[in-house]
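Asks: Residue-level listing of the chains:
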Amino acid sequence: MSAPIVSCRALTKTYGQGDTAVQALRGVDFDAAAGEVVMLVGPSGCGKTTLLSVIAGVLDCDGGACQVLGHDLRGESAAAKTRLRRHGIGFVFQSFNLVPTLSVAENVAVPLLIQGEKRRLALERAREALVPVGLADKALALPAQLSGGQQQRVAIARAIVHQPPLIVCDEPTSALDHRTGDQVVALLRQLAQHHQCCLLVVTHDNRIFSYADRIAEMDDGHIVAIRDASPAIGS
Amino acid sequence: MLVMALRMLMGDRAKYLGIVIALAFTSFVMIQQPATFLGILRHTYGFITDVGVGDVWVMDPKARHLDDVKPMMDAELQRVRGIDGVEWAMPLYKGGIRARLDSGDFVQCQLVGIDETTLIGGPGRMVLGKLADLRQSDGIIVDAAAAQGQLAARADGSRRPLGLGESIELNEHRAQVVGTATASSNFQSMPTLYTTYARVKTFLPSERKLLSFVLVTVKPGEDAEKVAAEISRRTGLAAYTTQGFIDRSLRHFLGNTGMIINFAMSAGLGFLIGAFIAGQTFFNFTTDNLRHFGVMKAMGAGTAMLVRMILVQALYLGSMGFGLGAGAGAVMGFQLANVDPHLVFRLPWQLILGGGMAALTVIIVAALLAIRKVVRLEPAQVFKA
Ligand SMILES: Nc1ncnc2c1ncn2[C@@H]1O[C@H](COP(=O)(O)OP(=O)(O)OP(=O)(O)O)[C@@H](O)[C@H]1O
Ligand SMILES: [Mg+2]
Chain Y
1 MSAPIVSCRA LTKTYGQGDT AVQALRGVDF DAAAGEVVML VGPSGCGKTT LLSVIAGVLD
61 CDGGACQVLG HDLRGESAAA KTRLRRHGIG FVFQSFNLVP TLSVAENVAV PLLIQGEKRR
121 LALERAREAL VPVGLADKAL ALPAQLSGGQ QQRVAIARAI VHQPPLIVCD EPTSALDHRT
181 GDQVVALLRQ LAQHHQCCLL VVTHDNRIFS YADRIAEMDD GHIVAIRDAS PAIGS
Chain X
1 MLVMALRMLM GDRAKYLGIV IALAFTSFVM IQQPATFLGI LRHTYGFITD VGVGDVWVMD
61 PKARHLDDVK PMMDAELQRV RGIDGVEWAM PLYKGGIRAR LDSGDFVQCQ LVGIDETTLI
121 GGPGRMVLGK LADLRQSDGI IVDAAAAQGQ LAARADGSRR PLGLGESIEL NEHRAQVVGT
181 ATASSNFQSM PTLYTTYARV KTFLPSERKL LSFVLVTVKP GEDAEKVAAE ISRRTGLAAY
241 TTQGFIDRSL RHFLGNTGMI INFAMSAGLG FLIGAFIAGQ TFFNFTTDNL RHFGVMKAMG
301 AGTAMLVRMI LVQALYLGSM GFGLGAGAGA VMGFQLANVD PHLVFRLPWQ LILGGGMAAL
361 TVIIVAALLA IRKVVRLEPA QVFKA
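Sequence lines, in order, name chains Y and X.
So the first sequence is numbered by the UniProt record's numbering: it starts at 1 and just counts up by one.
So the second sequence is numbered by the UniProt record's numbering: it starts at 1 and just counts up by one.
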């Protein structure tokens, strides 16, 4: 097995206090390695987004251990987690989350600019990142001028432009029709494999399960099963 | 990332222009209103600064300010001259007189009579003719703006500037124009006419007392305050240093007209409206972009970076708004002053600074409120649809 990227043990997370407390994670063990595509699936409210948020370093857990890219998140300061996200993690969201007033290339350049890259160089690299997602000719367009599938491909270019070892996606296809969703996940998988990065995908959409190496099934704050899936389309 | 912040801002064209215009309006009223006010204030003491010489002004103790002249006996001039520390003392007449124009119209004017030998207290800048020509019989010097304006009406119904050698009637006495000069306009916007102190008596034969002021210069090394006090003590007249007299006239004006309140209110109201619109719009702009700031936070942008982005946006908006507003204020003010010399407009650097501070304060306050929201933003929010 290749280098571990994510390693969680007995993770717990409770939202709120007292009567209204919701135990979203009730002791989750989870591992993911470089170069693999893992999908987190399960019924609504079972804790998928919560687990993904903890792993991505945007949410603090209450108990257990969580190692991401060699950092023990529970011991890290907020600033250290910010740095970890900046250099180590790419994000893809359900609703794309592109800045509507910036051009496609500028949107893709954002992670590089956050890292402190010079604007000109960042835009150059952003344009290069648009080639594999098939949008090189849309660099100057505004997000609103693109279709949903194209916008999500821009978001993928943005997630990968700084070549992070981990990419997290929450429901990347649920705003897209089936065919487009399929293409987007295929593209995600292909790019992740190309860069040997670990891809975590939260999804409801069983039609894309075929792109996973492993599928972790969650229910009520637990991972109830992890099964190997043989990807329908090899890399 | 800071360039990106500006691109984000300008991409939202409607809000961007809205904020700039509101800030420009704020700066504009904060500059234009006080500048006009200062211009008007200057009318109230323009006569004193026009005279230009003299350290001490002596007048009847009942005269409360510049336009409240209580004539004194000519003998007072000699008494003032006799006081220690006085280098020289000159008579000055200042009063109203009716001028009858070529057209037959009457115009109320301000007549100034100055010492014939020294011509001290005469107009500072001659436009036509020479100051010394005032010694010619019936000679008067006319304020140049009035010569082209209020005094230009002719018998044939046309308007032609009053020129050298022409005459008007003062109190049924012929007065011949021997020169024109620039004079600060007075508060009542009356034309100013200069003549010699002695000739005032010809124009106003029925007046018993004509000495409005005694203009005093103190001997080198003497303190004007002390000499003024000494003059008061010895003659029972009121004596003020030039600056003291200006202050007194200003205080009287400010204390007895509602003007300061009026100007402060319109400037204040304008400021509030502009500030509210600009601040509110900028705050909304940031709130609209909160989601994107959250995404950037998740992607590893530190709070300091986001704060810098918002500040850059604010500073950019502030300087654009201020530039436009101050520019428009200055252009409009000086244009108006060109059209009508009575609408004097004063724009000292302090006012420009003040207008800049006003725009900046508004936008910085809005930015701080916006920053508070961005700082409190939880990056985990980004996964919420
Ligand atoms: N900020 C929050 N405050 C309180 N409760 C929360 C919060 N976020 C999530 N929860 C609760 O925690 C539980 C797990 O939520 P989570 O979003 O992780 O589920 P999910 O598996 O992603 O669901 P979905 O498929 O609907 O997105 C749910 O019961 C949810 O209501
Ligand atoms: Mg979810």
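Hints may contain errors.
Stated by the list, open to error - Restricting the straight-line Cα-Cα distance to at most 30 Å, the calculated cross-link-like pairs of lysine-lysine (DSS-like) are:
| # | chain 1 | residue 1 | chain 2 | residue 2 |
| --- | --- | --- | --- | --- |
| 1 | Y | K138 | X | K15 |
| 2 | Y | K81 | X | K373 |
| 3 | X | K15 | Y | K81 |
Said to hold, decoys possible - Anything over 12 Å on all C-beta distances counts as not near chain X; from chain Y, calculated:
| # | residue |
| --- | --- |
| 4 | T20 |
| 5 | A34 |
| 6 | A78 |
| 7 | R86 |
| 8 | F96 |
| 9 | P100 |
| 10 | T101 |
| 11 | E106 |
| 12 | E124 |
| 13 | V131 |
| 14 | S147 |
| 15 | G149 |
| 16 | D177 |
| 17 | L187 |
Just so you know, the hints here were simulated from the structure itself, not pulled from any lab data.
Note that the structure is a prediction, hence the values are computed from the model and not measured.
Don't be surprised by glycine CBs; every beta carbon is placed ideally from N, CA and C.
Asks: So which hints don't hold here, by number, going up?
Replies: 3, 6, 7, 8, 9, 10, 11
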